Amino acid sequence: MAPLLELDRLSLSFGGLRALSELDLHVDENEIVSVIGPNGAGKSTVFNVITGIYEPTEGDVRLSGETIAGKRPYKITGLGIARTFQSLRLFLNMSVKENVKSATYGNTKATPVESILRLPRARREEREVNALAEEVLSFFGQRLMGYRWDQPAYVLSYANRRRLEIARALATRPRLLLLDEPAAGMNPKETHEITELIGRLRDERGLAILVIEHDMHVVEGISDRVIALDHGVKIAEGSYELVAKHPAVIEAYLGRDPEALAEA
Amino acid sequence: MSPIGVDEWVARSGERRDDGSGWRKLLARADARVGWWQRLALVTLVGLVAGQLLSNVNVQTVAFNSLLYALLALGLNIAVGWAGLLDLGYIAFFGFGAYGYAVFSSTALGSDGSGGAHLAAIESIPIVVVAAGVFGVIIGLIALRLSGDYLAIVTLFVGQAFMEVVNNVDPGTLGGVNGLFGLDPLHSFGGRVESPLGFYYLALILVVVLAGILHLLDTSRTGRAWRALRDDELAASAMTVPVNKLKVMAFSFGAMVGALGGTVFAAEQTSVFPTNFTENILILIYACLVLGGVGSIAGAILGGLVVTIGEQMLSSPHDAGYLFYGLILIALVTRIRPWRKLAVVLGGVVGFGFAAHAIVGAISSAAVAGSPGSGGFIGSAVGDYVIVPGNPATYGNILYVVLICALIVVVRLHGTRRLLAVIPTVYIAACCWESRLIVNPAITTQIMIGAILIVTMAARPEGLLGKRRVETVL
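Taken in order, these protein sequences are the chains called A and B. Residue numbering for the first sequence follows the numbering used here, beginning at 1 and increasing consecutively. Residue numbering for the second sequence follows the numbering used here, beginning at 1001 and increasing consecutively.
Because the hints were derived from the structure by calculation, they are not lab data. Keep in mind that this is a model prediction, so the values were computed, not measured. Keep in mind that a hint or two might mislead.
[Claimed, not checked] Looking from chain B toward chain A, a few residues come up when the C-beta cut is under 10 angstroms (computed):
no., residue
1, L1216
2, A1236
3, R1469
4, V1470
[Claimed, not checked] Derived Cβ-Cβ restraints for the label pairs, each shown as a range:
no., chain 1, residue 1, chain 2, residue 2, range
5, A, S11, B, L1144, 51 to 61 angstroms
6, B, V1134, A, N30, 45 to 55 angstroms
7, B, I1138, A, W149, 31 to 41 angstroms
We put the CB at the ideal spot given by N, CA and C, even for glycine.
Working from the sequences, and respecting the hints, build out all of it.
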């Protein structure tokens, strides 16, 4: 059986610059895979290719064996891949609840006329969307509940914005979730919490998760498998212990021959 | 470890609520309790009662115009306020509707000045509105690859192109520079709308129904998708929103509302001329929307009323004086606290004026020889107060420049210094008004509208009824 997500000898060039070259990557059902690598390694670019923001120069992206490369972002998300953004791209002027509800556009069908007349389908969908929004927001305990529902997203703290990004992505009903640095900007307690939540997303919702993360405690805590990138090339893959000790990974982060550098 | 997601701050939020006090609290509570359709019913009721009270034909026409601008602002709000597409070609949709109605309601489609379509409004208006929707789709498709300033420039040309088309293409049908006139009165099912009051009621019904429709649309998946794409197009597309389709929809819906306004406008005027659809009108519609609050339905309606009625009042020297002095007084009363300081400033303004008048009069009687531009109550009240020389034109021009400088100084200063600077500034404003501004009402109208817009937007950047917005930092 084909893996849930498969990148097949994927390359991406911007003009003469090769951002990704011949990258093979796969995520199975119910698996949490972490992508690590120094800044500029191409981690977020991988996400952008998977979600259709960039079209690969060569190679293929397949979801359950079917090619998705070249499709529009909204189509790809509709097929079951949702993402969060490293740089936080919430709809800042919309309320917390509306942020989540807006991500259900692709899974609802009521036409404007049906919505205006509040015909049965529009009413039913609106009820479902409301329930879904409240359910995904309740995933974060009380943090995004109650009066926060009606607050505009711009009043939220940085950590809560990260949580709202995840809730919004969940509202698209994904099979595969791409998390771009979910723990960035969080304190140790919150980081611990997010680690636990990512595990619950897989266990309770049956999601496969591909996560980019710099915090090695998080990576260690959640990953079934770790992939290390540098300069758009995969330099190591395997369990956390294996990748963390891999010479190529150490070199990518610290430079060549760390002992010699330490003595100098 | 502690359980996940426990947040004392959120759990105990009820204890920290602060609704203010006094009438603000009552207002906030009422605001929270009254639903949208109750508000709409209230507006309808006020509109109907106002219709009964409007006895003067000129006033009825102004009332109709204000509702027409409210309608146009509502349509503009769809693309500009919700979808965030800076559409400067909106005037073309307005003109399209007006010319569409005119062509179907006159001899334009006949030969040699006779015949023609002469459709009933119930036929012509839906045809024109649907055609405008298609026109909007075409413009939307052209605009898809553009955003921000680029979109604005390209759509501006659409408005210009519309003017050129109606001016030059097929003068036999569209009338060229002479326009189309002698249109049929608005008629359907044997009934007719001819009087200004009739058009006022028609516009009232249209505005109320449209506001209801737009509210229902705004709170639906379509409205949410528009606002999502306004805030962050890329994130919206990553959240299953088909961005291109929604942009085209926004243009199309806006075009339909603009064209609806156009048909009513043409029917009321019983004529259309290319000059009815210049950028000046576009700017006025934008002023309604911006003043009322971009993105707000109630704001668009209020903006339409305020701008149109304000413009009308300003063009009459008698009303303009009350508006001018009234606004200064309101600004002073609402901005200066506590009352003691306000009393000092008001007393200072009065005292400063009489002192200045007496001193200047003692030096040269010619300098105070003129009479104030205002007549009536205001004229007699300020007659011995403002300095108006016998030939005030040059003096007034200089004073106008001085007034602008004084205003800049007031804005730059703070605390007590600002209060002290306000006193001569108000006096200079009064002198300038009486000696120069009131003399040319047509020009003053434009200046005053601009000044009111600047002051309002400086005090409330989100508009009268708008919500504060932050721009997404990319």
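We went through each hint and held it up to the structure:
Checking L1216 of chain B against chain A by beta carbon gives a least distance of about 5 angstroms; that is within 10 angstroms, so the hint holds. The restraint placing A1236 of chain B at the interface with chain A holds, with a minimum CB-CB distance near 7 angstroms, inside the 10 angstroms limit. With its C-beta approaching chain A no nearer than about 5 angstroms, R1469 of chain B sits inside the 10 angstroms limit, and its interface hint holds. Because the beta carbon of V1470 of chain B sits about 5 angstroms from the nearest beta carbon in chain A, less than 10 angstroms, this interface hint is met.
Take S11 of chain A and L1144 of chain B: their Cβ atoms lie about 29 angstroms apart, and the range 51 to 61 angstroms is violated. Judged by the Cβ atoms, the range 45 to 55 angstroms given for V1134 of chain B and N30 of chain A holds: they are separated by roughly 49 angstroms. For the pair I1138 of chain B and W149 of chain A, the supplied restraint of 31 to 41 angstroms holds, since their beta-carbon distance comes to about 40 angstroms.
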